[in-house]
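K.L.:
This is what each chain is made of:
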Amino acid sequence: MEVPGLFNYWMAVVLMMAGLYAVIARGNLVKKIVGLGVFQISVFVLYITMGKVKGGTAPILGDGITVYSNPLPHVLILTAIVVGVATTALGLALVVRIRESFGTIEEDELQAIEEGEA
Amino acid sequence: MIELLDIAVLSMMVVSAVAVLWLRNLFAVVMLSGAYSLLAATLYVLLDAVDVAFTEAAVGAGIATVLMLGTLTMVPRQEKETRRGSLGGLLVVAATGALLVYGTLDMPEFGDPDAPIHRHVVPRYMQDSPAEVGLPNVVTSVLASYRGYDTLGETTVIFTAAIGVMALLGWGRRRKP
Chain A
4 MEVPGLFNYW
14 MAVVLMMAGL
24 YAVIARGNLV
34 KKIVGLGVFQ
44 ISVFVLYITM
54 GKVKGGTAPI
64 LGDGITVYSN
74 PLPHVLILTA
84 IVVGVATTAL
94 GLALVVRIRE
104 SFGTIEEDEL
114 QAIEEGEA
Chain B
5 MIELLDIAVL
15 SMMVVSAVAV
25 LWLRNLFAVV
35 MLSGAYSLLA
45 ATLYVLLDAV
55 DVAFTEAAVG
65 AGIATVLMLG
75 TLTMVPRQEK
85 ETRRGSLGGL
95 LVVAATGALL
105 VYGTLDMPEF
115 GDPDAPIHRH
125 VVPRYMQDSP
135 AEVGLPNVVT
145 SVLASYRGYD
155 TLGETTVIFT
165 AAIGVMALLG
175 WGRRRKP
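Residue numbers (my numbering), protein chains in the order written: chain A, 4 to 121; chain B, 5 to 181.
Chain A on its own, in the form it takes in the complex:
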């Protein structure tokens, strides 16, 4: 069974759009952060897909192996995963602070409070 040439890219785009929808259209701040995580991982899938070579193996040198997948996207994504978790941690800390100060993490209620103050 063959994967159609661009299938992985299209699935990555679908996942990306699910994440994007959660970020722009959902009012709950925790849901937004989870959506950001979904978006991030979809980008990782895109990169790792590009690094795959048909018939290749993991880029760990060994005797008698000639075809390896591309190690460069792996390195970039290793860095991106850790940076992504740092971003998530900072975002979640902001959510906790917002909840402490305003008593809600729903976007529309926060907006109402802000307009009431102005």
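Hints listed in this document are in silico derivations from the structure and should not be mistaken for laboratory results.
Idealized CB from N, CA, C, for every residue including glycine.
The hints are all genuine.
Derived DEER-like restraints, expressed as beta-carbon distance ranges:
#: 1; chain 1: A; residue 1: E110; chain 2: B; residue 2: D154; range: 32 to 38 Å
#: 2; chain 1: B; residue 1: P127; chain 2: A; residue 2: G8; range: 19 to 25 Å
#: 3; chain 1: A; residue 1: G119; chain 2: B; residue 2: D116; range: 54 to 60 Å
#: 4; chain 1: A; residue 1: S104; chain 2: B; residue 2: P127; range: 52 to 58 Å
#: 5; chain 1: B; residue 1: V105; chain 2: A; residue 2: I68; range: 31 to 37 Å
#: 6; chain 1: A; residue 1: T69; chain 2: B; residue 2: V161; range: 33 to 39 Å
#: 7; chain 1: B; residue 1: A98; chain 2: A; residue 2: V46; range: 17 to 23 Å
#: 8; chain 1: A; residue 1: R100; chain 2: B; residue 2: T108; range: 37 to 43 Å
Assemble chain B onto chain A, guided by the hints.
P.N.:
Same frame as chain A, now just chain B:
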């Protein structure tokens, strides 16, 4: 076989991403995002990225989920019901998705060994890294040696994020609600 698993894992990822959008219980949403992350780790193993899979399972599925669960102890667990479906958001997402799919149309096919990405610096890393760095794992060689400054920059980002979190949630200040 790998192709079949690839399709199966990607489909499961799509299902969990849609379920994340659908559900209102934030505990379920967080656990699903952990499952989504583990599925991604499985996919990375299938695509030969074993180091990335380790990191994703430990950091993405482990630490990020723990951080989110920790947050849920301090915020309401239920997302507010809103009847307002976001048509504008849906339109923006559909348009962006269509553009991105259009962008993939001239990309190299899955697994194509002649894709431009495989021809530039990577053959040199493959040939010379055993002599220059001396490790069998090329990912480690590139991460720690050839692109060591990237890793230094990554450390800076984590340090900055840690400072930011500590500044926001400093100890001793959060006792009063």
